[in-house]
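Enquirer: Input sequences plus hints: build the corresponding full structure.
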Amino acid sequence: MVTTVTAAVDPVVTRVTEVALFLGVLWAISVFSFLICYWLNRWSYLNPLALAVFMLLFLFNPTRTLKYRARFWLLKILSHIAVAPFYPVGFADFWLADQLNSLQCVLLDFEFLICFYSCEVLWVNSSCSVSCNTYGYKVRAIVASLPAWFRFAQCVRRYYDSRLAFPHLVNAGKYSTTFFVVIFSSLSSESKYVNYSSKWEDPFHYLWLTSILVSSCYTLTWDIKMDWGLLEGKAPKRFLREEVIYSEIVYYFAVVEDFILRFAWTIALSFNLSGLLETDVIVTIFAVLEVFRRFVWNFLRLENEHLNNCGQFRAVRDISIKPAKSNENNPVKVEGMMDDEGSIPLSKNKMSWERRKRIPNLCDDTMHIPNNCLTMQNPTIEEAPSGLRENRTSRVYFLLGDEEPPRSSSDSRHRRIGVGDRCANYHRLERSSSERREPGSEEDEDEEEEEDSV
50 MVTTVTAAVD
60 PVVTRVTEVA
70 LFLGVLWAIS
80 VFSFLICYWL
90 NRWSYLNPLA
100 LAVFMLLFLF
110 NPTRTLKYRA
120 RFWLLKILSH
130 IAVAPFYPVG
140 FADFWLADQL
150 NSLQCVLLDF
160 EFLICFYSCE
170 VLWVNSSCSV
180 SCNTYGYKVR
190 AIVASLPAWF
200 RFAQCVRRYY
210 DSRLAFPHLV
220 NAGKYSTTFF
230 VVIFSSLSSE
240 SKYVNYSSKW
250 EDPFHYLWLT
260 SILVSSCYTL
270 TWDIKMDWGL
280 LEGKAPKRFL
290 REEVIYSEIV
300 YYFAVVEDFI
310 LRFAWTIALS
320 FNLSGLLETD
330 VIVTIFAVLE
340 VFRRFVWNFL
350 RLENEHLNNC
360 GQFRAVRDIS
370 IKPAKSNENN
380 PVKVEGMMDD
390 EGSIPLSKNK
400 MSWERRKRIP
410 NLCDDTMHIP
420 NNCLTMQNPT
430 IEEAPSGLRE
440 NRTSRVYFLL
450 GDEEPPRSSS
460 DSRHRRIGVG
470 DRCANYHRLE
480 RSSSERREPG
490 SEEDEDEEEE
500 EDSV
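Numbering (this note's numbering), first residue to last: 50 to 503.
Source of the hints: derived by calculation from the structure; they are not laboratory data.
Note that the Cβ used here is the ideal one computed from N, Cα and C, for glycine as well.
Heads up, some of the hints might be wrong.
[Claimed, not checked] Listed next, the in silico DMTMM-like pairs over lysine to aspartate or glutamate satisfying Cα-Cα at most 25 Å (straight line): (1) 125 - 327; (2) 223 - 276; (3) 187 - 147; (4) 187 - 276; (5) 274 - 339; (6) 223 - 306; (7) 187 - 158; (8) 187 - 169; (9) 187 - 327; (10) 286 - 297; (11) 223 - 352; (12) 286 - 276.
[Stated by the list, open to error] With beta-carbon atoms standing in for the labels, derived distance ranges: (13) 65 - 99: 16 to 26 Å; (14) 76 - 219: 38 to 48 Å; (15) 266 - 98: 39 to 49 Å; (16) 84 - 137: 41 to 51 Å; (17) 360 - 123: 44 to 54 Å; (18) 65 - 288: 16 to 26 Å.
Expert: What follows is the structure in C-alpha cells.
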C-alpha cells in the first residue's frame, strides 16, 4: 500500500500568491490590450490609464470584500508614514517606509503618468504645451526625495521618543545623504541644457558623483553592520554574527549582492556614457534589480530584528511544534503585533475575577510556585552587590489580571508582595495542608479539580 504525504501550505502564503497572480494577470491583459490597440491605432493609451484606475479602486474599495483588512491595514500604515514626525513609529511603519525607498522609480513613473495623461495625450484638443520629460526638475526632485524624507522624519521621531542619538540620529544622517544626491542630480540635469555643452564641464555633476559615492558607502555599511548585525568580532563564523538562522553562504551572498547593487549606479553610468543602452532601458533593469536587493535585505533584516527582540526579552525563541489551531494564525493578531511592539496577545477565554484573585494564593500547586520559593528562604538579600543597600526586602509585582502594571498604591486590582513573605506563606500553607488533608479524601479531590480548572 502506497501512502502519499502532502505538506501543509501556509494559508498566508496561499492568499498572497492569489493576490499576486490576480494582479499579474490584470497587468498582462493591459499590456496585450495596449499592443493590439497600438497596432490598430485605436485608443492605445487608454489601457495603462484603465489599469492604474482599477488598481486605485481596488485599494480604496470601501466594501468588506477583496482583502478588506489587508488593504486598510496598508492604508493605515501608509498614513502613519505620511505623518511620520507627528506619530509614534512602530516596526511596521519604518519597515514599509524602507520598501518605499526601493520603489523610488515607481513613484517617479506615477508622477510621469499623471503629467502625461494631463498634458500630452490628445484626448480631444490638448492645450498643454509642457513636456513631461523636461517640464520641471523641482517636482521630480521632490517626488524622488519623498521616501528618504519619510525615513528621515521617522528617525528623528524615534530619537525624540527615546533620546538615543545612536542609532536614530546616525540613521537619519544616512537618509539625509539621499537629499544631496537628488539635489545635485537635479541641478546637473537642469544646468546642462543652459550653461554647459557637456556634463563633464558642470561642477554639479562632480558634486553628484561625490554625494552618490558617500551615500552608497554609508548605506552599504549600515546594511551590513546595523540592519543585518553582521561583522561581529567574536562570531564563530568569520564576518558574521554569533547567532544565525540561515546557512553561512546566504550571508556571504547577501553581502556581495548588496555591495554590487548599491554601486550599480557606476555600471549604469558606464552604459549611459558608452551609448550601448537607452536611459529608459537602464533605469528599468536596475529598478528590477533594486527590488531583488530589497527582497534579500528583508529576510536578514527581519531575522536580525527577531534575534534582537529575543535578546531583549520582547520575543521568545521557542516555537510550538504542535499543529496550530485555526484561530492561532489569525492575520488580525499579526497586524496588532506589528502595529504595537509592546503588545502581548491575550487569551479570549479570560477567567472570572474571583478565580484570578485566587491565583497568587494557590501555592500548593507547583505550577503556580515562583522559582524564588524553591530556593530562597530568607526574605532579605544576603550578599548585596555594590551600590545596593543590604538587608532590603526584594519586591515583585504579581499581575492579577490582563491590565497594565499598577500606577498607584491605591489600585485594588494589583498587590505588591514581598518575595520572602510569599515564600513563607507557601511553606506555611504546605505544612498546614499536609497535616489537614488525608490522601484520597473528597475535599482533596474537589480542590484539585478546581485548581486544575483554574
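Enquirer: Now tell me, hint by hint, if it's right for this structure.
Expert: Now the hints, each set against the structure:
With a C-alpha separation of about 39 Å, the suggested pair residue 125 and residue 327 falls outside the 25 Å cut-off, and the hint is violated. For the hint pairing residue 223 with residue 276, the CA-to-CA distance comes to about 12 Å; that is within 25 Å, so the pair holds. Taken as a hint, the residue 187 and residue 147 pair is honoured in the structure, with Cα atoms around 23 Å apart against an allowance of 25 Å. Between residue 187 and residue 276 the CA atoms are separated by roughly 32 Å; this puts the pair beyond 25 Å, and the hint is violated.
With a C-alpha separation of about 20 Å, the suggested pair residue 274 and residue 339 falls inside the 25 Å cut-off, and the hint holds. For the given pair, residue 223 sits about 20 Å from residue 306 by alpha-carbon distance, which is consistent with the 25 Å threshold. A threshold of 25 Å between alpha carbons decides the hint, and for residue 187 with residue 158 the separation of about 15 Å falls inside it, so the pair holds. Taking the CA atoms of residue 187 and residue 169, the gap is about 19 Å. The hint holds against a cut of 25 Å.
Restraint check for residue 187 and residue 327: satisfied, since their Cα atoms lie roughly 23 Å apart, inside the 25 Å limit. Taken as a hint, the residue 286 and residue 297 pair is honoured in the structure, with Cα atoms around 8 Å apart against an allowance of 25 Å. Annotation: proposed proximity of residue 223 to residue 352 holds, straight-line Cα distance about 22 Å (limit 25 Å). For the proposed pair residue 286 and residue 276, the alpha carbon gap of about 18 Å is at most 25 Å, so the pair holds.
The beta-carbon spacing between residue 65 and residue 99, approximately 25 Å, falls within the hinted interval of 16 to 26 Å. In this structure the supplied range 38 to 48 Å holds for residue 76 paired with residue 219, their Cβ-Cβ distance being about 40 Å. The given range of 39 to 49 Å is respected by residue 266 and residue 98, whose C-beta atoms sit roughly 41 Å from each other. Range check, residue 84 to residue 137: about 48 Å between beta-carbon atoms, so the 41 to 51 Å window is met.
Taking the beta carbon of each, residue 360 and residue 123 are about 30 Å apart, not inside 44 to 54 Å as hinted. The hinted range of 16 to 26 Å is not satisfied by residue 65 and residue 288, whose Cβ atoms lie roughly 33 Å apart.
In summary, the structure is inconsistent with hints 1, 4, 17 and 18 from the numbered list given earlier, while agreeing with the others.
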